[in-house]
Structures are given as C-alpha cells and as structure tokens.
Amino acid sequence: SQQGEEDPQALSIQEGENATMNCSYKTSINNLQWYRQNSGRGLVHLILIRSNEREKHSGRLRVTLDTSKKSSSLLITASRAADTASYFCATDYTGANSKLTFGKGITLSVRP
Amino acid sequence: EAEVAQSPRYKITEKSQAVAFWCDPISGHATLYWYRQILGQGPELLVQFQDESVVDDSQLPKDRFSAERLKGVDSTLKIQPAELGDSAMYLCASSLGDGMNTEAFFGQGTRLTVV
Numbered sequence: 029s030q031q032g033e034e035d036p037q038a039l040s041i042q043e044g045e046n047a048t049m050n051c052s053y054k055t056s057i058n059n060l061q062w063y064r065q066n067s068g069r070g071l072v073h074l075i076l077i078r079s080n081e082r083e084k085h086s087g088r089l090r091v092t093l094d095t096s097k098k099s100s101s102l103l104i105t106a107s108r109a110a111d112t113a114s115y116f117c118a119t120d121y122t123g124a125n126s127k128l129t130f131g132k133g134i135t136l137s138v139r140p
Numbered sequence: 005e006a007e008v009a010q011s012p013r014y015k016i017t018e019k020s021q022a023v024a025f026w027c028d029p030i031s032g033h034a035t036l037y038w039y040r041q042i043l044g045q046g047p048e049l050l051v052q053f054q055d056e057s058v059v060d061d062s063q064l065p066k067d068r069f070s071a072e073r074l075k076g077v078d079s080t081l082k083i084q085p086a087e088l089g090d091s092a093m094y095l096c097a098s099s100l101g102d103g104m105n106t107e108a109f110f111g112q113g114t115r116l117t118v119v
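Chains F and R, in that order, are what the protein sequence lines are.
Going by the numbering used here, the first residue of the first sequence is number 29, and it counts up by one from there.
Going by the numbering used here, the first residue of the second sequence is number 5, and it counts up by one from there.
Bound conformation, chain F alone (with noise of 0.2 Å):
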C-alpha cells in the first residue's frame, strides 16, 4: 500500500505563478521526500526533510513539514515550462533500513 498520498492529483498554472503541492501521510517517519518525474523517464530528488525539520529551501523550491498533522507542502515559486513534471512524495519511516513508499503523484502543467 503507498503510504502518502499527494493533492491535488494535476494543477495547470501559468509561467511565473508560484505552484503548492501537499502531501499526506498516515504513519511516524524518519523523513519525507519530494522526486519531480518527466514522463516516461526516470525519478529525480528534489530535496529531503528530517522529522525534525519544518520548513527547508533548495534554490526555488520550499517544502514544509508538520509532523503533529502528519502532512507536507512543496512550493515552486516562478515556475517555468521546465517545471512540467509528476511530482511525488515519499516517506521513509523505518529506522534500521530505510524503505520508500511513494503516493500516487501530482501532475504539474507550466503553460508557457
């Protein structure tokens, strides 16, 4: 079973706005990850945040994360066309050997 669970399942927004994706989770976690995938590629990491981290930047991406409402917000802010991607979000909750479980993903479109 995927352990979190992304919304909104596809967001189309304009070159430039800022793009918010949430993520939700069920379990305790070590930490939560967000992967951008092109289609029919590969999956890419975009940034990582501990249990006991709230909000983290990686150049133009924000994420946060509130663990007592077990949930997470990616944010891209000036998007561009590029930025057109599934994004999802994956937890690592086991402690000795860490174990990925992803959600379903959220469809970003950047009309140029």
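The set of hints was computed from the structure by calculation and includes no laboratory data.
Cβ coordinates follow ideal geometry from the N, Cα and C atoms, glycine included.
All clues stand as given, with none of them false.
List of simulated lysine to aspartate or glutamate pairs, DMTMM-like, C-alpha gap at most 20 Å:
id, chain 1, residue 1, chain 2, residue 2
1, F, Lys132, R, Asp90
2, F, Lys127, R, Asp61
3, F, Lys127, R, Asp78
4, F, Lys127, R, Asp55
5, R, Lys19, R, Glu87
6, F, Lys127, R, Glu107
7, F, Lys127, R, Glu48
8, F, Lys127, R, Glu56
9, R, Lys82, R, Asp61
10, R, Lys19, R, Asp67
11, R, Lys82, R, Glu48
12, F, Lys127, R, Glu72
On the chain R side, residues computed to face chain F include the following (Cβ under 10 Å):
id, residue
13, Gly44
14, Gly46
15, Glu48
16, Glu107
17, Phe109
18, Phe110
19, Gln112
Since the structure of chain F is already known, use the hints to place chain R on it.
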C-alpha cells in the same frame, strides 16, 4: 556524474515467456530497490536489498517474480511467466543505505509490454 544503469530500456514479450531486467547501482550504494510503476500511478516497491540481503520483498509476487543481488553490487529482476498485467515501467534505484543519507537515485527504467 554517477548514474544507476538499467537495461534494456524497452522490452516487448509475449505472455508466458520469461523476461529479465538488469540494474547496476551507483558504486558504494548498499541499498538497492526495484519498483514497478503502472502508468498514471506512483512507484510500488517490489523488493529492497541491503548489500546482498533482501530486507523487504513483501509486495513481490513470488510465484512468478524473483530478484537477486549475488555480490551485493548489480541486480537482476526476473519474471517467469510474464502476464498481461505485468506491463509497466520497472525502476531500479539505489541509496547509500547508511541510515542517514536515504535519498534514492533512479535509473531510467525498463518499459515492459506483455502482448
């Protein structure tokens, strides 16, 4: 830049035939994952190795799927016999596996079509 290598990139096979996929992880990565991704869905973990040992294969259909990582480096995933429902993208990923650095690096995947 180090990459996870997978082959073949595409595979078409008839149902009831055997098919095998190969993965070479990034050098030094102890953890290796095989995921299956059906179009429009997220990756589903099939099997996870830590070095040469299987640590999770709870979602692997063991009546037809097998996976090995004999020397703790590269890995092979086999399906025998293939069924129509096995058509999917098969993704291999690796990570350091030290408990701290758990980011996974993915290969380009093998697109399997069973006809």
